[in-house]
Amino acid sequence: LQLQESGPELVKPSETLSLTCTVSGDSISSGGYFWGWLRQPPGKGLEWIASIYHSGNTYYNPSLRSRVTISVDTSKNHFSLKLSSVNAADTAVYHCTRHYSSGWHKSWGLGTLVTVSS
Amino acid sequence: DIQMTQSPSSLSASVGDRVTITCRASQGISNSLAWYQHEPGKAPKLLLLAASRLESGVPSRFSGSGSGTDYTLTVSSLQPEDFATYYCQQYYGSPQTFGQGTKVEIK
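Protein chains in written order, with our numbering: chain A, 1 to 118; chain B, 1001 to 1107.
Keep in mind that the hints were calculated from the coordinates and are not lab data.
There are no misleading hints in this set.
As a list, the in silico DSSO-like pairs of lysine-lysine whose alpha-carbon atoms are at most 27 Å apart:
{"id": "1", "chain 1": "A", "residue 1": "LYS76", "chain 2": "A", "residue 2": "LYS106"}
{"id": "2", "chain 1": "A", "residue 1": "LYS82", "chain 2": "A", "residue 2": "LYS44"}
{"id": "3", "chain 1": "A", "residue 1": "LYS82", "chain 2": "A", "residue 2": "LYS12"}
{"id": "4", "chain 1": "B", "residue 1": "LYS1107", "chain 2": "B", "residue 2": "LYS1042"}
{"id": "5", "chain 1": "B", "residue 1": "LYS1103", "chain 2": "B", "residue 2": "LYS1042"}
{"id": "6", "chain 1": "A", "residue 1": "LYS44", "chain 2": "A", "residue 2": "LYS12"}
{"id": "7", "chain 1": "A", "residue 1": "LYS82", "chain 2": "B", "residue 2": "LYS1045"}
{"id": "8", "chain 1": "A", "residue 1": "LYS82", "chain 2": "B", "residue 2": "LYS1042"}
{"id": "9", "chain 1": "A", "residue 1": "LYS44", "chain 2": "B", "residue 2": "LYS1103"}
{"id": "10", "chain 1": "A", "residue 1": "LYS82", "chain 2": "A", "residue 2": "LYS106"}
{"id": "11", "chain 1": "B", "residue 1": "LYS1042", "chain 2": "A", "residue 2": "LYS76"}
{"id": "12", "chain 1": "B", "residue 1": "LYS1103", "chain 2": "A", "residue 2": "LYS106"}
{"id": "13", "chain 1": "B", "residue 1": "LYS1045", "chain 2": "B", "residue 2": "LYS1103"}
{"id": "14", "chain 1": "B", "residue 1": "LYS1045", "chain 2": "A", "residue 2": "LYS76"}
{"id": "15", "chain 1": "B", "residue 1": "LYS1045", "chain 2": "A", "residue 2": "LYS44"}
{"id": "16", "chain 1": "B", "residue 1": "LYS1042", "chain 2": "A", "residue 2": "LYS44"}
{"id": "17", "chain 1": "B", "residue 1": "LYS1045", "chain 2": "B", "residue 2": "LYS1107"}
{"id": "18", "chain 1": "A", "residue 1": "LYS44", "chain 2": "A", "residue 2": "LYS106"}
{"id": "19", "chain 1": "A", "residue 1": "LYS106", "chain 2": "B", "residue 2": "LYS1042"}
{"id": "20", "chain 1": "A", "residue 1": "LYS44", "chain 2": "B", "residue 2": "LYS1107"}
{"id": "21", "chain 1": "B", "residue 1": "LYS1045", "chain 2": "A", "residue 2": "LYS106"}
The shape of chain A in the complex, shown without the other chains (with noise of 0.2 Å):
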């Protein structure tokens, strides 16, 4: 399984971060796990963001809940966040995950950095 995270390095202040994750080595729709999104800040720990099933149901951070997207495309096999509103706090490494709905990550992306600057 292989997880890799695309989408812009840069975003300015206010504007919307959006990021993809492409999966390979399994298909999302075969269901079992969960598909998720963390990030980690420059010199902080990890935080979880938001997860979803291959269903659609999906799973947010009630700190970040008002500002996040997540959504899935089995067809392209991928799984996708958007982040409204960002400011320079949003700037972090941010990895998509495969996880179990215990809540454990069993495969992690490279990550992005993603910073928010004008």
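Put chain B on the given structure of chain A with help from the hints.
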């Protein structure tokens, strides 16, 4: 949210050393704890789940223990490839939360 406090934040050790990292939860998490290893330039790797269950393919020098609020990750004999940052994660409460990480460096 359940707060996860890891200690130490960093440590220096030599190859062959026994290393222990501690993770304390702000409330009981019923062994719903995972440990991850993150080497620079690589994807994080799941080491243990359910506090003490070794993930498939992970060397047996890694072990986990604990209960209630206090958990430990032990590396019985540190190898060169073990120099990395380690994170704990609780998945008992929602949202799931992570420790701040412990960086294991070469002495």
